[in-house]
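Protein sequences appear in the order of chains V and C. Just so we're aligned, residue 1 is where the first sequence starts under the working numbering, counting upward by one. Just so we're aligned, residue 1 is where the second sequence starts under the working numbering, counting upward by one.
In case anyone wonders, no lab produced these hints; they're calculated from the structure. From a predicted model like this one, the values you see are computed outputs, not experimental measurements. Don't take every hint at face value.
[What the hints assert, rightly or not] Straight-line C-alpha distance at most 30 Å; calculated BS3-like pairs for lysine-lysine: (1) V:K72 / C:K10; (2) C:K10 / C:K64; (3) V:K72 / C:K64; (4) C:K64 / V:K111; (5) C:K96 / V:K120.
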Amino acid sequence: MVITGKHILHSAFYLAATLLCVAMYFIMLRAEFLAAVEVLVYIGSIVVLILFALMLTRTKVGEDTNISNNQKVFAALTAVILFVSLTLVFSYSKIDTVAENATALKISSIKDFSGILFTKYTLPFEIASILLLTALVGSIVIAMKEKLQTESETVVGQKSIDAGNTGNQNNENNVLANQGVQDIAAIDKNIGSNLAGSSETMVGDVLPDTDDAKGEGQKGEN
Amino acid sequence: MHLQLGFELKLLYFLVMSAVLLGIGIYGVLTRRHLVHILLSIELILNAALINLIAFSAFTTPDKMTGQMFAVFIIVVAACEVGVGLAIILSVYRKKNTVDIDNMNILKW
Numbered sequence: 001m002v003i004t005g006k007h008i009l010h011s012a013f014y015l016a017a018t019l020l021c022v023a024m025y026f027i028m029l030r031a032e033f034l035a036a037v038e039v040l041v042y043i044g045s046i047v048v049l050i051l052f053a054l055m056l057t058r059t060k061v062g063e064d065t066n067i068s069n070n071q072k073v074f075a076a077l078t079a080v081i082l083f084v085s086l087t088l089v090f091s092y093s094k095i096d097t098v099a100e101n102a103t104a105l106k107i108s109s110i111k112d113f114s115g116i117l118f119t120k121y122t123l124p125f126e127i128a129s130i131l132l133l134t135a136l137v138g139s140i141v142i143a144m145k146e147k148l149q150t151e152s153e154t155v156v157g158q159k160s161i162d163a164g165n166t167g168n169q170n171n172e173n174n175v176l177a178n179q180g181v182q183d184i185a186a187i188d189k190n191i192g193s194n195l196a197g198s199s200e201t202m203v204g205d206v207l208p209d210t211d212d213a214k215g216e217g218q219k220g221e222n
Numbered sequence: 001m002h003l004q005l006g007f008e009l010k011l012l013y014f015l016v017m018s019a020v021l022l023g024i025g026i027y028g029v030l031t032r033r034h035l036v037h038i039l040l041s042i043e044l045i046l047n048a049a050l051i052n053l054i055a056f057s058a059f060t061t062p063d064k065m066t067g068q069m070f071a072v073f074i075i076v077v078a079a080c081e082v083g084v085g086l087a088i089i090l091s092v093y094r095k096k097n098t099v100d101i102d103n104m105n106i107l108k109w
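Build the full structure now, drawing on both the sequences and the hints.
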């Protein structure tokens, strides 16, 4: 249902349910810490982040009739062939006999986990933290640059409107951009006056309207 | 491994489950047109890999927990990937006013 849902918000929620089931699998496999991490990181942050991005890019959040392209048959064929071949390989190789040789499954405590993580795997841990920092800075830079660019574009659009240059294609975009600039100005005033008040206006601005969504999206980067 | 569930859990069950998730995710990546939808499908594929790693870790080397360590790092990388991917989607949306992947052909020769 994650991939067949017509409503993309619904499919994000289905993804959360699927991830919860995966966390149940982890508990079954005696990896309680990873189950907690799965719930916290995936459901708590990734799905919420995706929902947030969907709110920012509200093009057509509603029912989308044409959600898939014309590769459906080949994609289904690929997926089914992959699944069948993997299952055959798994069932014909004597995996479970290997597993039976292992010692009885012991409950992995967080103490053992952290002991191994901070002694044997210290360097990967640090590299992972650096990777997180890099991704954080990188995503901010990607979003910020576009914001500056769109601001300059809106200024150009304003000038062109002032000059009376109303092209067919650019006219609607310019009007939209002007309203976005006005939204930003209003929101900046609100932020200057009162932070709590600005959050209230932020909630009020999330009305299903493309202009408001645009202003909201640009404001989110401030 | 014998759990108190009334039946015996086998490694094969977990592997088949992860293969199912992988197939669903690949189908989603190949067919959807919305960029965020594709990101969701990639999350499914990553979770299939996670189940595989943790199942092998739990059934073969439960003392060393190597698979669990790898799973932690995979979760970190997945979080980074989603953050950067959503930033790219936002910037693409601002530039082209759409998130339809069929419209993104500026790299096409």
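Right, here's what the structure says about each hint:
1. Between K72 (chain V) and K10 (chain C) the alpha-carbon distance is near 33 Å, which puts this suggested pair outside the 30 Å criterion.
2. Between K10 (chain C) and K64 (chain C) the CA atoms are separated by roughly 20 Å; this keeps the pair inside 30 Å, and the hint holds.
3. For the hint linking K72 (chain V) to K64 (chain C), the alpha-carbon distance of about 43 Å lies beyond 30 Å, and the restraint is violated.
4. The straight-line distance between the Cα atoms of K64 (chain C) and K111 (chain V) is roughly 13 Å, inside the 30 Å bound, and the hint therefore holds.
5. Straight-line distance between C-alpha atoms of K96 (chain C) and K120 (chain V) comes to about 47 Å, which puts the hinted pair past the 30 Å bound.
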